[in-house]
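Residues per chain, in single letters:
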Amino acid sequence: MTGTTPRSARAIRNIRAICEENLPGRYDLEVIDIYQHPATVQAEQIIVTPTLVKQFPLPIRKLIGDLSDTERVLAGLDIVPTAILAKPPEHEHAALK
Amino acid sequence: MKRGTARRSERDPPCSQKRGGGRDRGVGSGCDQVYTLKGADETYRVMVQEMAEGALTLTFDGLILFSNQQFAGMLRCPLERVIGSRFQDFVAPGYADIVTSLFNGTEGRTAEVRLSPDGTELVPVYLSIQNVILDGAACHCLIVYGPEHPETT
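Protein chains in written order, with the numbering used here: chain A, 641 to 737; chain B, 88 to 240.
Treat the hints as calculated values from the structure; they're not laboratory data.
Glycine is no exception: its CB is placed at the ideal position from the N, C-alpha and C atoms.
Among the clues, some could well be false.
Claimed, not checked - Chain B regions said to be covered by chain A (calculated; three or more residues, Cβ under 8 Å):
(1) 140-153
(2) 187-196
As the list claims (entries may be wrong) - Here are some chain A residues the structure puts well away from chain B; computed CB gaps all over 10 Å:
(3) Thr644
(4) Ile658
(5) Pro664
(6) Gly665
(7) Arg666
(8) Ile672
(9) Asp673
(10) Gln676
(11) His677
(12) Phe696
(13) Pro697
(14) Leu698
(15) Ile700
(16) Glu732
To be verified - Computed, partial: chain A to chain B, Cβ under 7 Å:
(17) Ala649
(18) Ile652
(19) Ala657
(20) Asp668
(21) Leu669
(22) Pro699
(23) Ile719
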């Protein structure tokens, strides 16, 4: 994410809500402000912000935008929504940049 | 079927999202530069990033949307672990009610509390709060400074 932009703020709100609802206690979220940590841009090959990088479980996935479309985010993260969940997924690790 | 369509869409390159404007900034590849239009807010962004005090933007219930490095330094916690967390998670037990009163605006706009980044160490700080509307949502802007800084009124 980038500083205090509205879209970055929405992305943080949305991903926290999605994780709390669908992965309570089973996720590890890092939120990286690339204004303050610009080296992350190269390390993670970030093109635009906000970008959500799902690192674990593999494969790595990158989702761009404010993450307001919950269905697309869940699909991108390979998460079965809690409502129809039969078996807990592996521990997730994601970083918002 | 609908879920399958959504998954295919996520696997595609993010061109549609870029065209749709669902992003904030373009970022240079192969270097550590962030390319953006220079606006009037750049001065304030740099000031908030470089100021000696901790500066935060929080949702009304305490979710940290922005923090500068100075606040993370007070907590001795990586900045990426601070942003996206709840401010209350860093407040020492016994001071939660003070923070709640500060957020609710029932006890003025300043408070003295202790932070407990690792559950044991207590860091005494002063808080100064201002409520603002950002993107249509009510938020708190918080300045955090240690006792070595003179308290201002």
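Here is what the structure says about each hint:
1. 140-153: Holds: 5 residues of the stretch 140-153 of chain B have a Cβ under 8 Å from chain A.
2. 187-196: Check failed, 0 qualifying residues.
3. Thr644: violated (5 Å)
4. Ile658: holds (12 Å)
5. Pro664: At about 14 Å from chain B, Pro664(A) clears the 10 Å cut-off, so the statement holds.
6. Gly665: holds (14 Å)
7. Arg666: Non-interface label stands for Arg666(A): nearest chain B Cβ at 16 Å, farther than 10 Å.
8. Ile672: violated (5 Å)
9. Asp673: violated (6 Å)
10. Gln676: Incorrect as stated: the minimum Cβ-Cβ distance to chain B is 6 Å, not above 10 Å.
11. His677: Incorrect as stated: the minimum Cβ-Cβ distance to chain B is 7 Å, not above 10 Å.
12. Phe696: Correct as stated: the minimum Cβ-Cβ distance to chain B is 16 Å, above 10 Å.
13. Pro697: At roughly 15 Å from the nearest Cβ of chain B, Pro697(A) sits farther out than 10 Å, so the non-interface label holds.
14. Leu698: holds (14 Å)
15. Ile700: holds (12 Å)
16. Glu732: Given that every Cβ of chain B is farther than 10 Å from that of Glu732(A), nearest at about 14 Å, it holds.
17. Ala649: OK, holds: Ala649(A) within 7 Å of chain B, min 4 Å.
18. Ile652: OK, holds: Ile652(A) within 7 Å of chain B, min 5 Å.
19. Ala657: Ala657(A) check fails; min Cβ-Cβ to chain B is 9 Å, beyond 7 Å.
20. Asp668: This interface hint is violated because 10 Å lies over the 7 Å limit.
21. Leu669: Interface hint status for Leu669(A): holds (5 Å vs cutoff 7 Å).
22. Pro699: Nearest chain B Cβ about 10 Å off; hint violated.
23. Ile719: The hint is violated - Ile719(A) has no Cβ within 7 Å of chain B, the shortest such distance being about 11 Å.
When the structure is compared with the earlier hints, violations turn up for hints 2, 3, 8, 9, 10, 11, 19, 20, 22, 23 and for no others.
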